[in-house]
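*Asks:* Work out the full structure, taking the sequences as your base and the hints as a guide.
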Amino acid sequence: MNLFRNAVRPVLFRLGGGDAESAHEWTLHRLASMPPAAREVMRRRYAFSAPVDAFGVRFPNRVGLAAGMDKNGLALPAWPALGFGFVEVGTVTAKAQPGNDKPRLFRLRESEAIINRMGFNNAGAAALAARLQELGPIGVPLGVSLGKSKVTPLDEAVEDYLESYRLLHPYADYIAVNVSSPNTPGLRSLQDRDFLTTLLKELSGPVPVLVKIAPDLTEPAIAELLEVCLEHGAAGLIATNTTLARHGLAPGDQHLAAEAGGLSGKPLTERAREVVAFVHDETGGRLPIIGVGGIMSADDASRILDAGATLVQLYSGFIYRGPDLVKAVAQGARPSRATTAR
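Each residue of the sequence shown is one higher than the last, beginning at 1 in UniProt numbering.
Since the hints were made in silico from the structure, they are not lab data.
Please note: incorrect hints may appear among the correct ones.
[To be verified] Keeping only pairs whose Cα atoms sit at most 27 angstroms apart, straight-line, the calculated DSSO-like set for lysine-lysine is:
| id | residue 1 | residue 2 |
| --- | --- | --- |
| 1 | Lys-150 | Lys-95 |
| 2 | Lys-150 | Lys-102 |
| 3 | Lys-95 | Lys-201 |
| 4 | Lys-150 | Lys-201 |
*Replies:* In structure tokens:
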């Protein structure tokens, strides 16, 4: 990882005068414009095959790109070339929306963490559906993360999710229901039993539906949520989203602790593993889990897989460690508790 960390990352982190969102957008558009020949070079360097089955889908390896990195699917052909075994786009909402005011994305470099309060900025479900129809299959499974439009009242949230689902499920290998982002007012209240029961009933269909949960839930709240998922046909769980906690920050990052938003990266590593272990034990392994949160090394991935996850996703780890991390995780991850899941 020395080339990325010593040469590439410093350049990326200086883009836009050090503004994290400017660097993100610049990188995304460079990946989107990568020619096929360049993608093939990347594929030869980073792709690694270690197939696994989960919720009826065959994955070429266990490592996925988490939602939030490519909300509108702009660079979809590039991600498999960088070694990812699956890609989750979004979070997308039924209505296009600009998201929260800038600045809204912050690097906490000493902590290898990120705080974001993006607010589901995206071009809307219809625009993503048109892009996916034009693009066609990308060669690895595609997940689509759905969220609630900010302008939609909470009592109309089910129909809002359904509108996105109707448009996008024909292009998805699985649907992720994001009811756990801290950056849309009231959204986390949708993790309760009544709403989730109604939503899962309405989203029943041919495409597996996974529920993404917050790391800040108590164990009793997670247990209640799991009962609903098991009773009403959720295909799996994504654990976890970003956290509102600010534990584990390095001294040099404390000045950013007061920034509103969800924290991801290394400070979340242990809590994500704990939630995965609790979900696995509470369900007896009946719900496949995608583990995400603070995976910064192959060892982190192995530990979260050993806790009960079947697949993992990268976001902050990819930003700080680059594509070599993708291959290292794919090659080095050796789960012992969850090998395959239906």
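*Asks:* Holds or violated: Lys-150 and Lys-201, Cα atoms, limit 27 angstroms.
*Replies:* holds (23 angstroms)
*Asks:* Checking one constraint from the list: CA of Lys-150 to CA of Lys-95, max 27 angstroms. Satisfied?
*Replies:* Measuring from Cα to Cα gives roughly 9 angstroms; hence the hint holds.
*Asks:* For the pair we were handed, Lys-150 and Lys-102, check the Cα-Cα distance against 27 angstroms.
*Replies:* holds (17 angstroms)
*Asks:* Lys-95 and Lys-201 were given as a pair; does the straight-line alpha-carbon distance stay at or below 27 angstroms?
*Replies:* holds (22 angstroms)
Checked against the numbered hints given earlier, the structure satisfies every one of them.
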